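**Student:** Residue numbers (this note's numbering), protein chains in the order written: chain A, 1 to 363; chain B, 1 to 363.
No lab work stands behind these hints: they were computed from the structure.
You may find that some hints are simply not true.
Identical chains share a label here; the pair holds if one copy fits it or two copies do between them.
Derived SDA-like pairs: lysine to any residue, alpha-carbon spacing no greater than 20 Å straight-line [unchecked claim]: (1) Lys-150 to Thr-48; (2) Lys-307 to Pro-292; (3) Lys-300 to Asn-278; (4) Lys-245 to Arg-285; (5) Lys-34 to Arg-359; (6) Lys-57 to Asn-33; (7) Lys-245 to Arg-62; (8) Lys-240 to Glu-284; (9) Lys-35 to Asn-82.
Note that the coordinates shown come from a computational prediction; the quantities given were computed from them, not determined experimentally.
2 protein chains.
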Amino acid sequence: MQDLSRRHFIKGAAAASLAAPFVVSRARAASSNKKLGVALCGLGSLSTNQIAPALLKTEHCRLAGIISGSDSKASEWRKKYNLPARSVYTYDTMHRMANNDDIDIVYVVTPNALHLEHTLAAAKAGKHVYCEKPLEISVERCQQMIDACKAAGRMLGTAYRCRFEPHHLECIRIAREQELGPVRIIEAGFGIDVGSPDQWRLKHALSGGGALMDVGVYALQATRYLTGEEPISVTATETKTDPVKFEEVDETVTWTAQFPSGATAYCTASFKVGGIKNFRANCERGWFELDPAYYYGGIKGSRSDGKPLSFPQVDMFAAQLDDFARCIKEGRQTIVPGEEGMQDVKIMRAIYGSIHTGRTIRI
Amino acid sequence: MQDLSRRHFIKGAAAASLAAPFVVSRARAASSNKKLGVALCGLGSLSTNQIAPALLKTEHCRLAGIISGSDSKASEWRKKYNLPARSVYTYDTMHRMANNDDIDIVYVVTPNALHLEHTLAAAKAGKHVYCEKPLEISVERCQQMIDACKAAGRMLGTAYRCRFEPHHLECIRIAREQELGPVRIIEAGFGIDVGSPDQWRLKHALSGGGALMDVGVYALQATRYLTGEEPISVTATETKTDPVKFEEVDETVTWTAQFPSGATAYCTASFKVGGIKNFRANCERGWFELDPAYYYGGIKGSRSDGKPLSFPQVDMFAAQLDDFARCIKEGRQTIVPGEEGMQDVKIMRAIYGSIHTGRTIRI
């Protein structure tokens, strides 16, 4: 099903227009059946609780190195995952990875506004780059990341884990095959109680934005992969109830988007209100939905016609990394290239533009 | 529970600012324990399939007359409901109702843009008026209806049947008592496949608008009675995929609204896409929702904490008419006065204003 959905997606106008040609050294990639080595760049809670455990389950890649600014974290990880000393780096020594054949991929899991710096360093060291969402904080910085990886002949992927999750893939199939008719109105929202006021997500210089950039991107992505289209306009508003905690970034954003086919989306993202975590795609002859759609597990689906929309839960971090590793080995482009991440950043900047001007923004 | 909710609602700022003082002749109203007589003005499918059957179940009122432009319909109804000839009127003979003590209330069920004319005629004949939603097509016309009923010393009610439905009343209670914390983000939508291209709903002169005016008003109402507040701004977009059928009126509208407390709503209304019929109120400590929320029956509720949100189904048309009749008998104001209907029209006109200007509209 994954292959089917990928084929469908790549056939779609959206992916076709975004997928940059990717050239990989097939000779090098195919020279080994060994698992590709992944270095985790940034050892925060996502790396600790999700990605490192996922890398124990992957078939085509494994944890092979770490990059951290913290000596104590590095030392702890080195012991826990039995990493060789030469595969432990700081942000300042990433260039030395060029001499480390154990590392094929750098997975950038640092704050949003550091993605560019760490991607440039990894690409310069000859590594493929997988990067957490959002890709960066501006279109220009995303483009620099794309250009750097292209110049280095390395692949850049955006960590959109839902794109490798079977419920989401089934929803994409239902949409593309118009099993319930054309998708007309999508409702999508993701809200969390963001927690501690001290975290980098609330500092504009590091995050580039708040709820929209961090969780809204999931809802935005969903509206794009369900329609298979790019929005032509967005209209947005912001609500702030805690101007101290959310002094620098958006607390709650709502937006609507219009697509070329006449599909419409109405969406929200919040750092204040948890429990919103769904999409529902209303088609001409029925609807399908996921709720929860975006959590790390427990994804649940339903359809208006009562047919099941249920699959085994997968480790989405393992699934996306295995796919990326296979793309490298097989010399084919990922379905989540840097261009895909950049497109969402472009739309999110338009959403902020709409908030600031009080006007609909054409994209 | 209905009384509790009404008390809570009336205590709220929204209702308090809208409820006009209503003076009724207690002597006359209380002089009889008989059921009040209702004349149905407009014998379309809503009157035929919902309201007339409901009037067979009401405790405090009964079908006592009809007003129709169709001789054949009038004759059919007269037989079916055993109505005296003198209680059968045309739109042109409504003034004669002044001499008919069997009729206490005129329920206006004609196309939106005829509500004013028929309300004026009913008020002039000394009848109380219950009027289908939306109250009229402009704020000015709503105000004329309110003024006319006030001048005649008669009550004007807006037929917001959900306000008398136990699931909705329970949701209002949960919201007012902040049982799950303050309401923060409401998602609400109502979409139907409107059907025949020949109907008055698609003629702007008769309807004053399309999906928003006809079904969007339910979602808009919900955002207001769940927050207990009036929106301070609205931002909206329209999507049209069938410019022939929907040449004169909106096909699909999405809007967002901001409320003084910091609550936010994101909403849709559609004449193209059925199956959207819900609201979900996301509060600080959980959510509650109804889906379906707005159908004539089969209302279903759920809460994030798993507690039941389930009540026996009621006939909402019977419930609202019984409440209106009791208000008249007891000389107290309805919770759905003309001002309540006018407020929604005001907000809907602002939503259309936002669509036309591409800008957020402050209200």
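**Student:** Now tell me if each hint is right for this structure.
**Tutor:** Checked hints:
Neither within a single protomer nor between protomers do Lys-150 and Thr-48 lie at most 20 Å apart by alpha-carbon distance, with minima of 30 Å and 69 Å respectively. In this assembly of identical chains, Lys-307 and Pro-292 lie within 20 Å of each other by CA distance both inside one copy and across copies; the values are 18 Å within and 19 Å between. When the C-alpha separation of Lys-300 and Asn-278 is checked against a cutoff of 20 Å, the pair qualifies both within a copy, at 9 Å, and between copies, at 19 Å. Taking identical chains as interchangeable, the C-alpha atoms of Lys-245 and Arg-285 lie at most 20 Å apart only when they sit on different chains, with a minimum of 18 Å there against 44 Å within one chain.
Taking the closest pair of Cα atoms, Lys-34 and Arg-359 never come within 20 Å of each other, the shortest separation being 53 Å inside a single copy and 57 Å across copies. Taking the shortest alpha-carbon separations for Lys-57 and Asn-33, only the intra-copy value of 17 Å comes in at or below 20 Å, while the best inter-copy value is 76 Å. In this assembly of identical chains, Lys-245 and Arg-62 lie within 20 Å of each other by CA distance neither inside one copy nor across copies; the values are 38 Å within and 58 Å between. With identical chains, the CA atoms of Lys-240 and Glu-284 are at most 20 Å apart between copies only, with a shortest distance of 14 Å across copies and 36 Å within one.
For a Cα distance limit of 20 Å, the shortest separation of Lys-35 from Asn-82 inside one copy, 16 Å, qualifies, whereas the shortest one across copies, 85 Å, does not.
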